[in-house]
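Peer 1: Below, each chain spelled out in residue letters.
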Amino acid sequence: MTVVILTGHPENRYAGDVLRAINGRGVRKVHVVAGTWKSGPRNLPGLLRTHGPSLPWVVAKWLARGAVRPLASFFSRRCPATGLAADVERQGGRFVLVEDPNGTECGQILGQLGVDILVLAGAPIVRANILGIPRIGTLNAHQGALPKYRGMNVVEWAIFDGSVPSVSVHFVDPGIDTGDVVATEEIEVRSTDTIEGVRARAATTQAHLLAWAVGVACSRPLPRLPQRAAEGRQYYVMHPRLRRVTQRRLAGVSDPARASTTRR
Amino acid sequence: MGVSQKVGVAPSPNGVGAAASETANQPVRAGLRARAVRRLPSRLQAWLRAVDDAAHQRLYRPLHFATLIRDARANPSGPARPEGERRQYVRALVDWLKRGHDAVGGQGVAAYYGFAEGWSAAYPETTGYIINTCLEAADRLGDPDLAARARRLADWELEVQMPEGAWQSGLTTVPPVPAVFNTGQVIQGLIAAHRAFGHARYLEAAARGGRWLVANQDVDGAWRRHTYRGFANSYSTRVAWPLVDLARATGERRFEEAAVRYLEWAARCQDESGWFDHCSLEPGEPALTHTLAYTMEGFLESSVLLGTDRWLRVAQRTADSLLHRYEVRRHLAGAYDRGWRGDHSFACMTGCAQVGLVWCRLYQVTGDARYLNAALKINDFVVTFIDLRSAWPEMRGAVKGSHPVWGPYMRFRLPSWAAKFTVDSLLREEEALAGLEDRS
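Read top to bottom, the protein sequences are chains H and B.
To convert, note that position 76 of the first sequence is 76 in the working numbering; the numbers rise steadily by one, no gaps.
Here the working numbering = 1-based position in the second sequence + 1000.
Isolated chain H, as found in the complex:
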């Protein structure tokens, strides 16, 4: 079974957590493909549309960063692999850098690795050309109970609504958070928690839930619960005012809610 973790950045901490959790399940030789790609348009009309009259300032910032990057790269070549790359190599896996996780180069590398399961960990939205490569499928963990909470900041939105925040592991399809659900696990919430604390707990839980799913996939087909589009809601980044209300609601949680898991 070849497992590859796809991440958007070579130093992504969450990707490291997922890697260690999968290794902890006894799955070795997990490869990591990390992008160095920056999102956003690359042509002048696109840049103008995105940044408008402030484009000169943005370009100035890019140039400043561009001047610093070669220095960082010079020193990093003289140091042994650290962080995520070192963890991968210790387990006998390969650590590969690609410019664009959705690019043809990334597709070719995944094809060469003969990937069975692709695990997304801090990756950008992955396009159909990449999703078609893994033999079993692409897995992702989402910080919300699917299909009810799709999109961004769903831990906050769940608390805001008075629901128990959850994480879900699901297969990835070309939609956003719309693929078949594999497992769901609730996050324990206490009145002394902060939103950041609950989010951190959710991140740990989702890494372990992903590892569990990968472990199961090594021995038997994963359960798949299809989502109905009409069932869920798409949430977006929460405004700071609503975040403050959410924090107050979190403080009003009476008893530590007992976390429950739906693993099939």
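The hints are simulated quantities; they were obtained by calculation from the structure and are not laboratory data.
Cβ atoms here follow ideal geometry from the backbone N, Cα and C, with glycine treated the same way.
Mixed in with the good hints, there may be bad ones.
[Unchecked claim] Chain B is nowhere near these chain H residues, computed Cβ spacing over 10 angstroms in every case:
no., residue
1, V68
2, E105
3, I109
4, G132
[As the list claims (entries may be wrong)] Residues of chain H clear of chain B, computed beta-carbon distances all greater than 10 angstroms:
no., residue
5, G8
6, R20
7, V27
8, L44
9, V98
10, L131
11, S163
12, V164
13, E196
14, P223
[Stated by the list, open to error] Label pairs and their calculated CB-CB ranges:
no., chain 1, residue 1, chain 2, residue 2, range
15, H, A230, B, D1155, 51 to 57 angstroms
16, H, P240, B, V1219, 25 to 31 angstroms
17, B, A1072, H, P240, 48 to 54 angstroms
18, B, A1200, H, T194, 56 to 62 angstroms
19, H, G24, B, T1366, 43 to 49 angstroms
20, H, A230, B, D1052, 52 to 58 angstroms
21, B, D1309, H, V164, 26 to 32 angstroms
22, H, L225, B, V1219, 49 to 55 angstroms
23, B, A1066, H, L225, 57 to 63 angstroms
24, B, P1408, H, R90, 58 to 64 angstroms
25, B, R1253, H, G252, 46 to 52 angstroms
26, H, V68, B, A1072, 23 to 29 angstroms
27, H, G197, B, G1084, 28 to 34 angstroms
28, B, R1338, H, R90, 39 to 45 angstroms
Assemble chain B onto chain H, guided by the hints.
Peer 2: Showing chain B alone in chain H's frame:
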């Protein structure tokens, strides 16, 4: 909205502070100059036109130049950073509206402050719905002066009502021509004045306007006569809403029947994605968020008054479509065409404030906090460009027509209706947040 103002080609204003009128020799000289310019290379022509435009817009004035520089540095999709509390903005906005009222000698409210023209003449249409804003702000801010001004504005609307019962299109400086949309907005203001002050004359005038609207409606429910550019538009749902309200106030059922006939017609202009045909100011052109918001608001408020979900769903379809686009891109285009391709080169600030208002109301009606979330963000965006500390009273508390200020909608102008809708949206937001705080 000001039919003649919407595209930024207002009739020559001669109100207080307006630019001096051209002398008889000026058109001749301009013609000679234009002919001379046409002989120059095209790039030079463009530069000369830009310089000419800058001189016309009086960009050499520190107030105008400072605005230009501020907008040139601002990132339209960057993070909004309001510098003050919401109440400070509401106060500054209503003070600016008061200056617009004073600029025309207390006879209505000036349509806009233009870089080229200064304060414009009074505008019956927008003065109509500014009455509602004044009354609500008077109550919330505890400002009796605002209530007194609302009364004077309502009295002025009675003075400028046309003999047939309608109100005119455009500013008071143009020959009066009756207009459906404008009449609807004045009716709304007069109903509010009637409720606030209890005088029957306001309601009687509104009812006369309503009867004129019913008499000029086509059999299929649309208004084609006395409309901007002479075509049936779908944004007159904001005429249907005051008509439903008028039916409630007067007990005359025919107003409600006419409104429902129009709503039926306008709903047929909507496609599955929420897009409305005939929602632009010029046939075949992209629809401004300003007119799209009028359409949504008309459906939403009619639905609330009529107690039916049918029109609410129509409003929601468009509101959801805009919400998704706004949240993904973090910027609302100034105008959208069929298929929701947006013109992101500018933001229609009036449209942004109105869309924020509609989202706030949708939160209040449906309880879906995603609407409030988006409204808070877009209100942040609008107020970020309101100058609270400007030394120039024309700019302090004003909302631009477009961001950047040279955008195509109300180019280099600060419309009174942009300030009005921003106040409305901020007050609605305050109300919604107060409800939330109570529950948490």
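Peer 1: Report the numbers of all earlier hints that the structure fails to satisfy, in ascending order.
Peer 2: Numbers 16, 17, 28 - these are the hints that the structure violates, sorted from lowest upward.
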